[in-house]
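**Student:** Sequence:
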Amino acid sequence: MGHGPLAATIACALLFGCRPAERPPADTQAARGPTPTSPHFKPPFSGQPLSSLHLASGLRIEDFERGSGNEATHGSITRFHYRGYLPDGTLFEDTREDGSRRAHKTTIGSGRGLPAWHAGLLGMISGGKRRLHAPPSLAWGENRYRRVQPNTPVIFDVELLGVSPARPKPQPAQAYAGRPLHREDRAGVEVYEYHEGSGARAQKNDIVHFHYIIKLEDNTVLETSHASAAKKIQMGSAQQVAGLRVGLRGVKVGTLRKLVMPAAMASGERKRRKIHPDAQVTYLVEVTSLERAGVDQQRN
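For the sequence shown, this note's numbering puts the final residue at 425, and the numbers step up evenly by one.
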């Protein structure tokens, strides 16, 4: 009796429980598709970089186009589009395609947003195109973001659209000390002006942007905008803080005013619960920009 391949297979199955190796159906393999192994970059990022720089933080910076505009320095306000890739080539975000397609904004050195932005955009020229290879510590770290798993390095292709110069720091409280230029009582609000700005005066429906410090009579600071974005108010709007509507009337860009008002004119119900209704509240206000009723915009 001969011993062919079939007999060997039967003997293996009887003695050792062997069975032929199982393979998934061909259509199942096709359905999975190819697994990305590296990002498929779009031009000009598909070519060789003009330069490459490795930082001690683990960030690798590659320039593909230099740009010809303003340079991003500490405090600069940057606008840029980017594509984000995982190490295996998966595209997890494209600001030109996602949602409203708005450009991303970052103020260099503000501490807001990814550390990779602050380190990777520094020194970049407006109009330039740069790739950032960011370790997890400069990206989302131990957090998850979309398809980015915790502790995952990422790659960004960045196109810098514009760079605005750093805005001056808000004036400290000491700028409102001493003798004011003039004083005025307005419907329950004491208005002290310490510096008159320049340009047009704010009128009804104009939007005034300003930084502020809110203090009680004992100099306790309730709130300040100095570590964040300026606040804005539309003049004449009944939805705004009453004391500000009165006290900011006629301001110019760069104006410094101290507004002393009763608590009832200083805040809504949320703040009234924090302070006595008869207490006086002081706003130290610095006007940073003015939008003339949707026609044009003036900044200092």
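None of these hints come from the bench; they were simulated from the model. One thing to keep in mind: the hints can contain errors.
Unchecked claim - In silico DSSO-like pairs for lysine-lysine, Cα to Cα no more than 30 Å straight-line:
hint, residue 1, residue 2
1, K230, K356
2, K356, K294
3, K377, K357
4, K167, K357
5, K329, K356
6, K377, K294
7, K356, K377
8, K230, K357
9, K329, K294
10, K377, K329
11, K357, K294
12, K230, K294
13, K230, K167
14, K329, K357
Said to hold, decoys possible - Pair ranges (Cβ atoms, derived):
hint, residue 1, residue 2, range
15, L306, L247, 32 to 42 Å
16, R269, R191, 56 to 66 Å
17, R272, E190, 25 to 35 Å
18, S176, T345, 45 to 55 Å
19, V371, A228, 11 to 21 Å
20, P169, T345, 18 to 28 Å
21, Y270, R191, 27 to 37 Å
Where is the CB? At the ideal position from N, CA and C, for every residue including glycine.
**Student:** With reference to the structure, classify each hint as holding or not holding.
**Tutor:** Hints, one by one, checked against the model:
no.: 1; hint: K230 to K356; in the structure: 18 Å, holds
no.: 2; hint: K356 to K294; in the structure: 15 Å, holds
no.: 3; hint: K377 to K357; in the structure: 14 Å, holds
no.: 4; hint: K167 to K357; in the structure: 40 Å, violated
no.: 5; hint: K329 to K356; in the structure: 17 Å, holds
no.: 6; hint: K377 to K294; in the structure: 18 Å, holds
no.: 7; hint: K356 to K377; in the structure: 15 Å, holds
no.: 8; hint: K230 to K357; in the structure: 19 Å, holds
no.: 9; hint: K329 to K294; in the structure: 28 Å, holds
no.: 10; hint: K377 to K329; in the structure: 13 Å, holds
no.: 11; hint: K357 to K294; in the structure: 17 Å, holds
no.: 12; hint: K230 to K294; in the structure: 19 Å, holds
no.: 13; hint: K230 to K167; in the structure: 22 Å, holds
no.: 14; hint: K329 to K357; in the structure: 14 Å, holds
no.: 15; hint: L306 to L247: 32 to 42 Å; in the structure: 40 Å, holds
no.: 16; hint: R269 to R191: 56 to 66 Å; in the structure: 35 Å, violated
no.: 17; hint: R272 to E190: 25 to 35 Å; in the structure: 28 Å, holds
no.: 18; hint: S176 to T345: 45 to 55 Å; in the structure: 53 Å, holds
no.: 19; hint: V371 to A228: 11 to 21 Å; in the structure: 37 Å, violated
no.: 20; hint: P169 to T345: 18 to 28 Å; in the structure: 55 Å, violated
no.: 21; hint: Y270 to R191: 27 to 37 Å; in the structure: 30 Å, holds
Consistency note: the structure conflicts with the earlier hints numbered 4, 16, 19, 20.
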